[in-house]
Every structure is written in structure tokens, then in C-alpha cells.
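Undergrad: If you read the protein sequences in the order shown, they are chains A and F. Each position in the first sequence, counted from 1, maps to that position plus 582 in my numbering. Each position in the second sequence, counted from 1, maps to that position plus 582 in my numbering.
Mixed in with the good hints there might be a few duds.
A pair holds if it fits inside one copy or across any two, identical chains being indistinguishable in the list.
To be verified - In silico DSSO-like links for lysine-lysine, alpha-carbon gap of 30 Å or less:
no.	residue 1	residue 2
1	Lys850	Lys702
2	Lys768	Lys702
3	Lys869	Lys729
4	Lys688	Lys850
5	Lys925	Lys729
6	Lys644	Lys768
7	Lys729	Lys903
8	Lys608	Lys702
9	Lys881	Lys840
10	Lys676	Lys919
Source of the hints: derived by calculation from the structure; they are not laboratory data.
Number of protein chains: 2
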Amino acid sequence: MIEELNKVKDTIDTILVNDDYPSTIKPEHLQNAVRAFPCMGGKRLRPALAIWSCGLLGGDVKEAEYAAAAVEVYHNWTLVHDDIIDNDDTRRGKPTTHIILQEYAKENLNFDNTSNSPEKFGRDFAILAGDIQQGWAMDLLLKSIEKGVSPAVVVALSRRLQRLVNRDLISGEALDVEFPHRNWEKLQHSDIEEMLYLKTGILLQFSAEAGAVIATGETDFDDERISNIGEFAASAGIAFQFRDDWLGIFGDSDKFGKPVCSDISEGKPTVLLATALENLNENNRSKLLSFIGQYNYSKSEIEIIQNLIRLSGAEKVIEEKTEALLSKARILLDKYKDNKYKKLIASWLDFLVLREA
Amino acid sequence: MIEELNKVKDTIDTILVNDDYPSTIKPEHLQNAVRAFPCMGGKRLRPALAIWSCGLLGGDVKEAEYAAAAVEVYHNWTLVHDDIIDNDDTRRGKPTTHIILQEYAKENLNFDNTSNSPEKFGRDFAILAGDIQQGWAMDLLLKSIEKGVSPAVVVALSRRLQRLVNRDLISGEALDVEFPHRNWEKLQHSDIEEMLYLKTGILLQFSAEAGAVIATGETDFDDERISNIGEFAASAGIAFQFRDDWLGIFGDSDKFGKPVCSDISEGKPTVLLATALENLNENNRSKLLSFIGQYNYSKSEIEIIQNLIRLSGAEKVIEEKTEALLSKARILLDKYKDNKYKKLIASWLDFLVLREA
């Protein structure tokens with residue numbers, strides 16, 4: 583599977599590096615910022631799903647390549663805006679877009695006699711870079727007509743991108759930003775599960791649907807050939823997120839790349855934490871609540887947090903939920919005829935969810 | 583013309599207020615923010631141009647209604663992001679999107695124990711509101727298929743929106759943000775003219791083109807039936823901006839709604855100012871430069887600025903440029919056969935450019 587994933591990577595890299603969309607953007611450093619992040623690499627798991635879903639349904643996988651590049655750029659622009667909102671300075675070990683633009687401003691522009699600052703300039707230009715990337719993603723999807731996809735299919739996919747992905751994915755992001763400011767007592771694990779579906783599941787679902795629609799020419803998204811693989815992908819996305827939340831508390835921080843319990847430190851609501859709070863008795867609940875938002879934790883504090891979450895039964899609940907999503911996904915995938923791409927998608931699921939870190 | 587413009591207003595208001603696109607956005611105050619600004623009104627000059635251009639070429643104007651609503655929402659999302667970047671608290675006499683969301687946050691959310699603030703929350707949510715509006719605009723354009731526009735035409739218009747409008751309009755915005763931080767000595771009036779075309783001309787051009795493409799079914803944007811009315815609209819947009827710059831220095835501040843010389847106070851580069859600086863002698867140039875960025879101006883200082891700009895010949899230059907653009911636009915419009923819509927578009931041009939404030 584890794585070999586095939588590398589082929590997808592090469593295809594997407596070639597498309598994005600050579601695409602002329604960014605070439606007329608001014609000024610030049612904005613153009614560079616628009617290109618930088620999508621062309622930097624990454625695992626390209628969404629494009630792989632789009633291309634392989636097309637193959638799963640017997641389509642010509644080449645026809646899905648621009649749609650695959652589109653979901654990657656789409657994912658990228660949402661991260662550029664996320665990083666501004668979350669004040670994140672690095673991603674994938676590199677400076678984020680607003681930091682790159684801030685550094686450019688410090689070196690090249692003049693901020694005397696203005697109320698502006700290089701920091702604000704970096705954020706402002708990163709807003710614009712993400713805005714252009716949203717347009718670039720749309721243009722790539724529309725460009726599928728050059729691969730022989732019919733205009734009617736392209737229009738259907740473009741509307742699906744707006745109606746399913748844009749408003750729902752961004753709603754998920756908005757809920758994620760807002761939850762830490764709501765009253766924790768009132769936040770149900772079901773609220774958080776919905777947010778995860780919107781924020782993580784939706785774009786994976788669209789990636790899979792896009793490949794299936796291109797393969798079949800079917801524009802009814804309720805058709806089972808489309809909806810089954812779409813639901814497969816959404817379930818995989820939520821399972822991935824549950825696994826991520828579990829690793830955030832019980833994982834190896836060196837492999838995981840974030841300090842243990844950083845979600846709790848940041849007050850980020852997870853289903854794991856919400857379930858623990860729902861199940862603990864008054865006393866232990868107050869104890870766990872008191873750790874939320876603390877700057878960092880000692881070894882013994884981490885053990886207390888881990889024990890409280892185990893004691894509540896939340897760890898078991900999250901493991902069972904992850905398993906249930908995985909088997910649901912496997913059953914959905916099994917409805918398709920065996921072929922090379924079905925095997926690749928099965929490995930893709932394991933690769934996404936059953937990682938160590 | 584005003585009566586016909588009011589009909590367009592009603593059409594666009596009805597479409598936007600009833601459109602279901604925003605209905606699934608969560609949380610509810612983000613949904614309200616996405617709807618608020620596009621549904622608030624405004625002159626609807628871009629939609630009018632889209633609909634009337636369709637009529638100019640003998641098309642069924644009803645077919646252009648969703649495209650007309652799309653350009654309005656497209657214009658709106660760029661303003662939502664602009665207002666964040668420019669720190670503007672009001673627009674059309676109402677609080678801007680980030681201010682509305684900031685006020686919501688102050689009243690309803692909890693910011694204890696977080697590094698966040700209602701001000702940042704307002705800006706963050708306004709970024710997301712604009713992002714969704716960009717998707718909404720696309721969805722409205724795509725929805726033109728429901729009015730009977732062919733998928734091939736819809737794909738061509740959607741690509742044009744990405745390739746002509748998105749990257750170029752946002753490039754114009756980026757240049758506008760950056761110019762005050764560049765070295766004024768190096769800024770040519772031609773740089774500023776290019777920025778104006780990108781920032782103001784492009785979306786008007788697309789509005790006119792969209793109507794013409796829907797009327798004719800022609801997807802070659804170099805076809806003269808399309809390009810002439812497109813160029814008409816772009817020229818009108820730049821003439822409008824020159825007029826705006828002139829009013830900013832020589833206009834009646836009560837009618838204009840901004841203090842006289844606020845462009846100079848904000849260090850905003852205009853062709854008027856750049857031309858004056860290019861033409862003045864060393865001594866007067868330094869004098870004019872010394873006023874840039876000053877917080878406000880006394881009556882006598884305003885007179886000195888006005889006299890310097892007149893002395894340089896820049897006022898005359900800008901008047902001549904505006905006239906040249908207006909006659910170019912009129913000649914382009916005259917290439918079309920007479921009908922009701924041609925008259926409306928001629929009045930539209932006067933309404934846009936020859937206003938008192």
C-alpha cells in the first residue's frame with residue numbers, strides 16, 4: 583500500500599507544483615505563501631482515497647486526479663485559517679503560513695508611522711492566502727472537465743463541495759473554537775461527536791464520494807455505490823479522531839509529538855474527557871475538572887488524570903466506539919466487489935486509524 | 583433606472599433571505615453572521631449589471647438571477663475579511679461582522695482561564711463567516727442550472743470566478759494592504775492603477791460577463807459580445823475609484839461620510855496622491871509627504887494639501903483620466919444594439935461615477 587500511496591503523492595505533487603493557478607498572484611510573497619503549504623508534501627491520504635474510490639468502482643483513476651488534488655488544497659486552506667485562529671506557529675515541523683509572512687514583513691516592509699505590526703500583517707496576508715487557496719481548490723475540481731469528466735458531474739461535485747463540505751466543515755471548526763468558552767457542565771459527548779464528524783469526517787466523505795461519482799457518472803449522492811464509500815470514509819475519520827484523543831492522554835508523547843494531556847491543558851473538549859466527566863462521581867469529577875486549563879502537568883498529576891479517566895470507564899467506552907466505527911467501515915467496504923483498489927482502501931483504513939502515534 | 587434598480591434589489595433580497603444554504607450552519611450566531619450582511623441591503627449595483635447585461639444581449643434575465651445573487655455574496659465575503667484586516671468597526675452605518683460576533687461573545691461566552699478574548703473570538707468567527715460566504719457565493723452561481731443555464735456554461739462561469747476574480751481580486755486587496763508599508767518614493771501611479779483594476783474592476787467585469795455568457799451561451803470570454811461589456815464594467819469601476827479618491831480630497835465631508843483627506847491620514851496610496859508626488863518639485867514634494875500619516879488636519883492644513891495637489895496638476899490629470907475611462911465605457915456600450923437594458927446600463931454608469939458623494 584505504501585508504494586501505491588507514494589505514487590499518489592508523486593501525482594499530486596506534480597499537479598500542484600505545475601498548476602498555473604497561483605502564477606498571477608501578486609505580490610510575489612503572497613503567491614509563494616499560497617503555493618508553499620500545498621506543495622510541501624504530507625501523507626496525501628485524502629487524495630489517495632479519492633483516486634482509489636474511483637478505482638474501487640471500476641473508473642479510470644486518471645479522471646479523479648484533479649478532484650484528488652482539489653481535496654488536498656481544500657484541506658490545506660482550512661489549516662491555514664485554523665493556524666491563525668489557534669495561534670499555531672508550526673505545522674509538520676515548519677513555520678505556519680502567517681509566521682512565514684510575518685517574517686517576510688519584518689525583513690522587507692516598513693511599519694514606522696502605522697498602527698500595523700508585522701504580526702498583524704502576517705495574519706492578514708495568511709487570511710488572504712487561505713482565501714485564494716479556497717479558490718484554487720475549486721478551480722482544480724472544475725478542471726476535471728479537462729480529464730474527460732462531464733460538465734454535469736463537475737457541477738454536481740462542485741455543489742456537493744459547497745453544500746456538504748464548506749458550511750459543515752467550517753461549522754465544525756467554529757464549534758471547536760467555541761466549546762472551550764461554553765460551560766463544560768452543559769457539553770455532552772454527543773455535541774463533541776457531531777463536531778468531530780463535521781470537522782474531520784466530512785472532507786474524507788467528500789473525497790471518497792468524488793472518486794465514486796467520477797467512476798459511475800451517478801450524481802445522486804444517495805445512490806448506495808456513492809453513499810456506502812462516503813459513510814466508510816466518515817466513520818474512518820471519526821475513528822481516527824477517537825484514536826488521536828486516546829493517544830493524547832495515554833500515548834507516548836515522544837512518538838505523538840505533543841505533550842501528554844495537552845488537550846486537557848488547552849481545555850479542548852474531547853469525547854474521552856466529556857465521557858469521563860459524565861460518568862465520574864461528584865468528587866472525582868471536580869478533581870478532573872480542576873486540571874482543565876492548567877499550564878502543564880507533573881508526572882504524578884498525569885498519572886492521576888489517566889487513572890481518573892480509566893476509573894470512569896471512559897477509556898473503555900472510547901476503545902469500544904473506535905472498534906464499532908472500524909467494523910462499520912469494514913462492513914461498508916465489503917459491499918463492493920473485490921479488486922486491487924478495495925485492498926488498498928482496506929489498508930488505508932488501518933494506516934489511518936491503527937497507528938502507534 | 584432607479585425603479586428598475588429597486589426591482590433588482592427586491593429580486594436579490596428575496597433570493598438571499600430565502601436561500602437555504604446558510605440554514606445548517608452551526609452555531610446559530612455564526613449562521614446569523616453569514617446571513618446578516620448579504621441580507622442587509624446595499625445598492626445591489628453588481629447584481630443589476632449582471633441581470634441587465636443578460637438583457638442587453640437578448641437573454642432571459644431570469645436565468646441570470648442566481649449569478650447576480652452570487653456576485654453580491656462574493657462581494658460581501660471580501661468585505662467581511664477586509665473589515666477584519668482594516669480594523670473597521672462599522673460599514674453602511676452598522677457594526678461590521680467581527681464586531682457583531684465580538685459583542686455576542688462578550689454577552690454569552692466565558693473567557694476566564696483562556697488566553698483568548700472576545701475581540702479575538704469576533705475576528706476568528708468573522709474569518710469563518712467570510713469563508714462560508716465564499717462557499718455560498720459559489721453555490722448560488724452553480725444553482726444557475728436550476729434556472730435552465732447549461733452545465734457547460736455554469737462550469738465556464740465558475741472557472742472564470744476562480745481564475746479571474748478570486749486570485750486577482752484578492753491580489754488587489756493584498757497590494758492595497760501592503761502599499762502603505764512600501765517605500766512611497768518607489769510607488770508609481772501605474773502600480774496603484776493596477777491595484778484598483780484588480781480590487782474594484784475585476785468583480786464588476788465578471789458581473790457583466792456573467793450576464794452576457796448566460797444570454798449567449800458563449801463560453802469564450804474573448805468573444806466580443808462578452809469582452810466589450812466586461813471591459814465597459816472594468817473601466818466604470820476604475821473611474822468610480824478615481825472619483826472616490828477625488829471626493830476624498832476635494833469633496834464635501836458631510837456628504838461623503840469620511841473626513842476630508844482621510845486617505846492621506848491613513849497613508850492610503852491613491853493615483854491622485856502618487857501623481858501629485860511624481861509631479862511636484864523637491865520642496866513641495868517633501869511638504870506633501872510630511873502630511874502623510876498625520877492623525878487629523880486643521881482647516882488650513884487641508885487647504886495646503888488641496889493647493890499642493892492642484893498645483894502639481896494631479897487634480898487635472900485625475901479628471902482627465904476619469905473622463906477618458908467614461909468615454910471608453912460609452913463607446914464600448916455603444917457597440918450593442920439599442921434596447922431597454924442598454925439604456926439602463928448607460929444610466930447605471932452615470933449613477934456609479936457621476937455622484938456628488
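Undergrad: Please list, smallest to largest, the hint numbers that this structure does not respect.
TA: Hint check: 3, 6, 7, 10 fail, others pass.
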